[in-house]
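Engineer: One-letter residues, chain by chain:
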Amino acid sequence: MYEIVEHTADLGVHVAAATLAEAFVDAGLGLFAVIAGDVGQIRVTDELTITVVGDDPAWLLFDWLRELLAAFDPGRMLLVEFSVELDAAGLRGTARGERFDPSRHTLAHEVKAITQHAFDLRPTSAGWEATYILDI
Amino acid sequence: MTRHATTTAHGRPMPLERVDDCTWRIPRSARPGMRVDGLVFADDRLIEMVRHDQAAEQVANVAHLPGIQTASLAMPDIHWGYGFCIGGVCATDPAAGGVISPGGVGYDINCGVRLLRTNLTLDDARPVLKRLVDHLMREVPVGVGQGGRYVYSPQELRSMMQSGVRWLATRGLATDDDVICTEAEGCIPDADPGLVGDRALARGADQCGTVGAGNHFIEVQVVDRVADEASATAFGLHAGQICVLIHSGSRGLGYQVCDDALRDLRDAPRKYGIDLPDRQLVCAPIESPEGRRYLGAMRAAANYAFCNRQLLAWQVREVFAQVFGRSWESLGMTLLYDVAHNIAKVEQHAVDGTTKDVCVHRKGATRAFPAGHHDIPDRYRAVGQPVIIPGDMGRASWVLRGGPRSMERSFGTTCHGAGRCLSRTAATKAAKGRNIAEELERAGVIARSRSADGLAEEQPAAYKDVDLVVDVVHRAGLSSKVARLRPLGVIKG
Chain W
0 MYEIVEHTAD
10 LGVHVAAATL
20 AEAFVDAGLG
30 LFAVIAGDVG
40 QIRVTDELTI
50 TVVGDDPAWL
60 LFDWLRELLA
70 AFDPGRMLLV
80 EFSVELDAAG
90 LRGTARGERF
100 DPSRHTLAHE
110 VKAITQHAFD
120 LRPTSAGWEA
130 TYILDI
Chain E
0 MTRHATTTAH
10 GRPMPLERVD
20 DCTWRIPRSA
30 RPGMRVDGLV
40 FADDRLIEMV
50 RHDQAAEQVA
60 NVAHLPGIQT
70 ASLAMPDIHW
80 GYGFCIGGVC
90 ATDPAAGGVI
100 SPGGVGYDIN
110 CGVRLLRTNL
120 TLDDARPVLK
130 RLVDHLMREV
140 PVGVGQGGRY
150 VYSPQELRSM
160 MQSGVRWLAT
170 RGLATDDDVI
180 CTEAEGCIPD
190 ADPGLVGDRA
200 LARGADQCGT
210 VGAGNHFIEV
220 QVVDRVADEA
230 SATAFGLHAG
240 QICVLIHSGS
250 RGLGYQVCDD
260 ALRDLRDAPR
270 KYGIDLPDRQ
280 LVCAPIESPE
290 GRRYLGAMRA
300 AANYAFCNRQ
310 LLAWQVREVF
320 AQVFGRSWES
330 LGMTLLYDVA
340 HNIAKVEQHA
350 VDGTTKDVCV
360 HRKGATRAFP
370 AGHHDIPDRY
380 RAVGQPVIIP
390 GDMGRASWVL
400 RGGPRSMERS
410 FGTTCHGAGR
420 CLSRTAATKA
430 AKGRNIAEEL
440 ERAGVIARSR
450 SADGLAEEQP
460 AAYKDVDLVV
470 DVVHRAGLSS
480 KVARLRPLGV
490 IKG
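In the order they appear, the protein sequences are chains W and E. Residue numbers for the first sequence follow numbering that gives the first Met the number 0, beginning at 0 and rising by one. Residue numbers for the second sequence follow numbering that gives the first Met the number 0, beginning at 0 and rising by one.
Some hints here could point you the wrong way.
[Stated by the list, open to error] Reference excerpt, derived from the structure (chain W facing chain E, CB under 10 Å, subset only):
#: 1; residue: E5
#: 2; residue: P101
#: 3; residue: H104
#: 4; residue: T105
#: 5; residue: I135
Since the hints were made in silico from the structure, they are not lab data. Because the structure is a prediction, the values reported are computed rather than measured. Note that beta-carbon positions come from the ideal geometry of N, C-alpha and C, so glycine has one too.
All chains, full assembly: derive it from the sequences and hints.
Structural biologist: Right, dumping it as C-alpha cells:
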C-alpha cells in the first residue's frame, strides 16, 4: 500500500507493507503514480530486469527507485508491475509496463530525482514502512 | 489521505529571535553542532509562514556545514526544501575546510530566469494575446516527457557545456548581446563536461530548449509600475512595455548530475569526518577529489542551463516574429539579463574585514551585486546588477537591482521568487471543483498548461505574495525595486 504525502515544494510517498520485498514493490508503484497520475493507463507489454548490489536495505530501496526513475527518464518506460527478490548480495527485480507514448499517455509530474531528505525505511510490528520525497 | 510532517527533528520549535524589522536570528546555541547563527530575512507576516514548516530547522542544519562563514542565511521566500531550505544561502571557505554540498545547489542546477524586452505596448499585444499564447504553447516544448527540436550528440553537449552560450552564438542561435547579458556571460569557467555521465547526457540530449514542468514557465508580461525611473531607463524598461519572462533550468541533464554526485559523495562525510543532521546535506571539502569532481560537473550542467534558456528565448523570438509579422530584432526583443538561482560559485567576499574566496551556495536565491561590482556588464555597472524575481502567474513579478548592502549582509544575494506557501497536494485540494484557467482568464491572464493538475498545483494561492517578499529584500538593502510586471499570458508544463 502506498499513499502520496505532502511536502511544501515537492511530493512524498509513504509505503506500508507486510514484507520488505512488498515495500519495494509498493514504493515503485508509488513512484509511477506520481509520474503518471493514473497508473491504470499503463499496459503491460515490456519487462525490465533491475539488479542492485548492496546490503543496506535503505540504500537498496533508494537505488531501486533511482533505477526505476532512470527507466522512465531517460529510458521512457512507464512501469506498473514489479517483483523483487532480496538476498545477501542485494536485489534482483523485474518491472513491467510499456514505452511512454505521448499520444496515448498523460503524465502528471516531472520527477527530477528521488531525494535522500527524510528518506526512511523501517521494520514495524506489521511489516515494513518507507517514506521518500521526490523533487518535482 | 494526506499526512502532515510538522514536527521538527528535535520535536521542539526553532527559536527565531528578532534582530530588526526584517531580520530574525536562529542562535548558534539552538542546536548542538551549529557552527554559526542562522539568519532569516522576513517581516512579521512572512515569519509566521516560516514558523509553520520545517524550513527554519533546515537553516539550522546548514549551519552545521564545515567552513561555513558568518551565518546560514535564508531569504524571505524561504520554504521547506530537502536538505537546504529553498531560499537558502551558505558561503564556505575552501581554505578553512569549507565544503561543497550538491544539496545547496539542488537537482535543478542553474535553474534561473531571463527577461526579454520588446518595443511592444499593451495595446499592441492585447488583440493578439490569445493567439500569441496558443502559438507559444504549440511551438515551445513544455511539460513532462516533451523533447525539443534541438537534439545534441554527447560530443556536442560536451562542447556546449565547455563554452556555454558562446557555443550557441557560433551556430547562429545567440547574439553577442545575449552572451554579455547573461550571468557569467553564459559560461561558468572551469566546467568539466568529461565528468557528466552517460545517463545525464541521455537525459539532456533532446531537452535543451524545453521548459519542463513543475514551477517552470514562459510568461508574457507588461510593466505595470516603475518604482525607480532612472534605473528602469538604464535597464531599458518603461511602464506599459511588453516583456517575456522565461523560467527553467538544466532539465534532466542537471538533475542527473546532482543525483550522480550524491552517489559519488555517499561515503564522503564518513571519509572526511563530517557529522550531518540530514543525509541530503551530504558534502565534501571543496579541496578534495570528490568536491572538485562535483564542482566541475555542476559548472558544466550550469552552462547547459544557460543554453537551455537561450534556446527558449530564441524560440520565443521566432514565435513573436511569426505572430507580429516582423523580425524579432525590429520588435526590440533584446535580453535584459539572465540570472541563476540554484548554483554554487566561488566569489570574493569580505568576511570579518578580510577579503577572500568563498564558495557561495544559492539554493533558490539570486546573485544581486551592487552598483560598481566588476562582474556586472558595463552597461549596468553604474546601476547595479539586474535581478529578476518571478512571482506567481496571477499577481506579479519584479525587476530589482543589486542592493547597496547585499555584499555585507548576504554574500551579494537576494530572494528568487515568491516562495510556496501551499503544498502541491493542498493546492490541488483547494482547486477541486474550480477551473483555474478560467479564473485566471477572468483576471486577465491567458494560462495554458499541458495538465490541469499543473495549473492547480501552481495556482497563485499556492505562493506567497511576491510584493511582500520583494518589500523585505528592498528594505534590508539586498536589492532595490526597479519595476513591477504583471502577467498577461503564461505557458506551463
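Engineer: If a hint holds in the structure, say so; if it doesn't, say that too.
Structural biologist: The hints, checked one at a time:
no. : hint : result
1   : E5   : holds, 4 Å
2   : P101 : holds, 6 Å
3   : H104 : holds, 8 Å
4   : T105 : holds, 7 Å
5   : I135 : holds, 5 Å
In this structure, none of the earlier numbered hints is contradicted; all agree with it.
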